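> For reference, the chains in residue letters:
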Amino acid sequence: MREPATPAPRDILDLAGLRLVPRRYYGRWIAAALILLIMGYIVKAFAEGQIEWTIVGQFMTAPAILAGLVNTVIMTACAMALGITLGVVFAVMVMSPNPVLKTVATFYIWLFRGTPLLLQLLIWFNLALVFPKMGIPGVFEARTVDIMTPFFATLLGLGMNQGAYTAEVVRAGILSVDVGQTEAAKSIGMTRLTTLRRIVLPQAMRFIIPPVGNEFIAMVKITSVASVIQFSEILRNAQTIYYANARVIELLLVAAAWYLMVVTVLQIGQFFLERHYAKGSGHSRPKAQQPEA
Amino acid sequence: MNNTLAIQNAAQSEVKPLVRVRRVSKYFGDFRALNEVSLDIPAGSVTCIVGPSGSGKSTLLRCLNQLEKINAGAIAIDGELLGFRLQGDALHELTDAEIARQRLNTGMVFQRFNLFGHLTALENIIEGPVTVLRQPRKQAIEIGEALLARVGLSAKRNSYPIELSGGQQQRVAIARALAMKPKLMLFDEPTSALDPELVGEVLTVMRELAGSGMTMIVVTHEMGFAREVGNEVIFMDHGEIIERGLPRAVLDNPTNARARDFVNAVIK
Chain A
-6 MREPATPAPR DILDLAGLRL VPRRYYGRWI AAALILLIMG YIVKAFAEGQ
44 IEWTIVGQFM TAPAILAGLV NTVIMTACAM ALGITLGVVF AVMVMSPNPV
94 LKTVATFYIW LFRGTPLLLQ LLIWFNLALV FPKMGIPGVF EARTVDIMTP
144 FFATLLGLGM NQGAYTAEVV RAGILSVDVG QTEAAKSIGM TRLTTLRRIV
194 LPQAMRFIIP PVGNEFIAMV KITSVASVIQ FSEILRNAQT IYYANARVIE
244 LLLVAAAWYL MVVTVLQIGQ FFLERHYAKG SGHSRPKAQQ PEA
Chain B
85 MNNTLAIQNA AQSEVKPLVR VRRVSKYFGD FRALNEVSLD IPAGSVTCIV
135 GPSGSGKSTL LRCLNQLEKI NAGAIAIDGE LLGFRLQGDA LHELTDAEIA
185 RQRLNTGMVF QRFNLFGHLT ALENIIEGPV TVLRQPRKQA IEIGEALLAR
235 VGLSAKRNSY PIELSGGQQQ RVAIARALAM KPKLMLFDEP TSALDPELVG
285 EVLTVMRELA GSGMTMIVVT HEMGFAREVG NEVIFMDHGE IIERGLPRAV
335 LDNPTNARAR DFVNAVIK
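Taken in sequence, the protein lines are chains A and B.
Position 38 of the first sequence, counting from 1, maps to 31 under my numbering, and the rest follow consecutively.
Position 222 of the second sequence, counting from 1, maps to 306 under my numbering, and the rest follow consecutively.
Next up, chain B with everything else stripped away, as it sits in the complex (with noise of 0.2 Å):
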């Protein structure tokens, strides 16, 4: 496999990573989800973030596209500060459109799909395009079709989401998320609401994805497909990183008694 290549590439070329988090801190209430997480992603980079429930992996996603608001810390994609302008020796916070501008950088695959119900298959997909950048229809429509064409969905072009499988639906999200030509893509368990015959597609599709270049955040409980496909994997519990490393350190051999236990708990 070339994942270890790609870091060590990554490390001696020094790139600018993607995705820099900085000590943020995120609280709902008085429950601290977050706590002072920093991590860096290099672009073009798969990293797989594995955990127990509750231990801050979606909240960290969610925090990388503002759908939540962090309490402490900063985070920057792609050079740019999320949910602040620095004006000389001030932050000014940003307005909602900024926000929504911003968020742009970043497409969202959700553990539910979310697919807008009122919508097809390819409106979904399109819906974006036309009315956030502003695409002529024609235009639109045409690399969404070519967009499911590649997850393998062109027959249900004019399926409403109720008609569609849990796997075709999630399928048409990842393709409504790469239609804003995202720069990152963030995947919140993507898996965890498909009967288990159904997971196989979706990966297939992610997998591709990969492939592609694309830089990924993937929060999972697919072990294989970590190992596979990513090129590290960090380990989340009770809102910290306590282990990251390439795949089969951290899986296979984890040095943390948390991680260890986890790990155990997951595969046998």
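Just chain A, same shape as in the assembly (with noise of 0.2 Å):
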């Protein structure tokens, strides 16, 4: 008996004339509405609930408001300058061979990130009360309440806490660098120092910039700790302001709008630092390697 005439079965690798449908991601599309949904009751219940919005575009421009901006910027930079110096001075203190850099710079790691910072500034803030005077005998002296002013007072707190954090940091990105680049660089006869100023820090700078960056955002934040030794960051401004006029939530939004631009502006910083340091890395450049010319 002869089997009927079935069409020949397609085969699996002959695609030519067939429809592509493109994989569809149906659960994206249900997070995506139910986010857009709470989000949107969210604004709602802003909108609707008592505050009084107004107000809250007017003081963002409010001089005290602009002054605490300016303050909080400015103490987020000297700080996080002090702080990466020491951070890099200690790192590299850490791990040198000399036993009494070593020791001090352990110490020093120690004590700062061993004490909470509130307390560290509070001490900073209230110097006087141990030496009431300061400076070199006989060359310079003056009031330790004539220096240790609200501003100095936090940098030297923000800015020291924070070396002690960025010491560990940067001694992670050194640990980082291959040691084979140690030993060329010590090959063309750099000393230890310039070895790490021109071949071993730049390469850390990679690993080093995402938690400095992640750092100096927390520190825009931190300042704010400051407004117990009167230091008149925004936050304290906002503070200061709401106690006169009771428009708490429209203060607390104004600082809060000016925190998130301060941060976005640093994370667009941030990218463009850590592209410059990316180079010669693999991840600068999407190009393949080429063949020999």
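Just so you know, nobody snuck in bad clues.
Listed below are the simulated DSSO-like cross-link pairs for lysine-lysine, each with C-alpha atoms no more than 27 Å apart in a straight line:
no.	chain 1	residue 1	chain 2	residue 2
1	B	Lys267	B	Lys222
2	B	Lys153	B	Lys100
3	A	Lys272	B	Lys222
4	B	Lys100	B	Lys265
5	A	Lys95	B	Lys153
6	B	Lys222	B	Lys265
Covered stretches of chain B (chain A as the covering partner; in silico rule of three or more C-beta atoms under 8 Å from a C-beta of chain A):
no.	segment
7	176 to 184
8	203 to 212
Derived by calculation from the structure, the hints in this document are not laboratory data.
From a predicted model like this one, the values you see are computed outputs, not experimental measurements.
Every residue gets a Cβ at the ideal spot worked out from N, C-alpha and C, and that includes glycine.
Taking the hints as your guide, dock the two standalone chains into a single complex.
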């Protein structure tokens, strides 16, 4: 008996003329819809809640708020500059073969990481209780209360605390650079410090910048802690205003908006900095290896 | 070949050897990497060090440019004692900066190239001349470009190491070492990390360098190179030199049993 003639089965590799149906991501659509719904609800709640939005807009550029903003930005920049400088110095000291430097740096990191930041700020601010006068006897002397202004006490408190943490970040960065780089630098006659400065640190930067960027952003907000020692940063100034006019939420929203703006600018800066230090790492140039010309 | 001639000339004219190693020992913990090694290297010669891994070849090389500190013995390069200054009847340990200056006498080429990853090929070469020798940047670039041309990589001037093949990286590394105008070039298994087809280009550069009269000490498994370019072959095992002589003698007809086993294993 002959089998009935059926059409020849299609070859699995013969794709000509077929319609392509892209994969569908139903989960994503549902999730996005849900999130939009929740967001809409929150926005609606805030819009209908007892918030005077005109007051928020009005105080965004109030002189006291802007002065606080400037203080916050200046303090963040100065404290991080001090922190990063101390961090690099102490990281190099901790890794030094010199036992004196190593011990000093280890002690510093232990001391400043081991006590609360708030407590350190209070100690700096109240230093006059211990040392009524400061300076080098006979050369320069001043009353401690005149030196330890809220600004200077905050700078020392935040900067020295930051230095202890950054030292560990920098140390991790240095450790991430291959020991072969150090040996090659030595072999062309570089001293230890030149090797660090010219060869190791530039390559460690790639590993140092993301966590330091993180800490930079944290610092913008930690400056608000200094309100306890009367440093007039943005949050303290916002509070001073709402103690007077009772517009609590409005002024807190003003401060929040400014913090977000400063942090956004910092994030953009970090992006460009990371791109700069990625050179030669293979993450900056998508170009594939070229065969020899 | 003029290999035999070079050695005879060196012996006859009684020139002071460029490198003198006397009873040098090196320990890593309890492990004895070098055991009272003594060695003279005449200027202008190519010495190839062969032997099984862990025999102390690389350690000896690293002691010659003080990447490792020796535990006993003494090394002199170009009449200068390494690591110490002789003053009266006392030996004074040198400072970090003085050791760095002594390293200028020796150029080193590493198995894993160790090019500076954040610098381009040309920047790798001029880094030492500019920051260590304080050469004017313009002059350093001119010399660097000439060296790149010498190793056949002028076109790769602005490439980062990651964009270069292993063979190209090693050629840049040789140029980087040469830029410091060393009296002695040390090669630590320069072709061991390369794909087989890239070994030739590096050996070609080394052959040219040997032809130019550079004093070279090469730790290698390339028996062909040792035979052809080497003035002398040194066989090391367990931290000791167990055989040395003309390449033909050591590689074709070793008297020592361990050397014979090794040569047979490598060649066959």
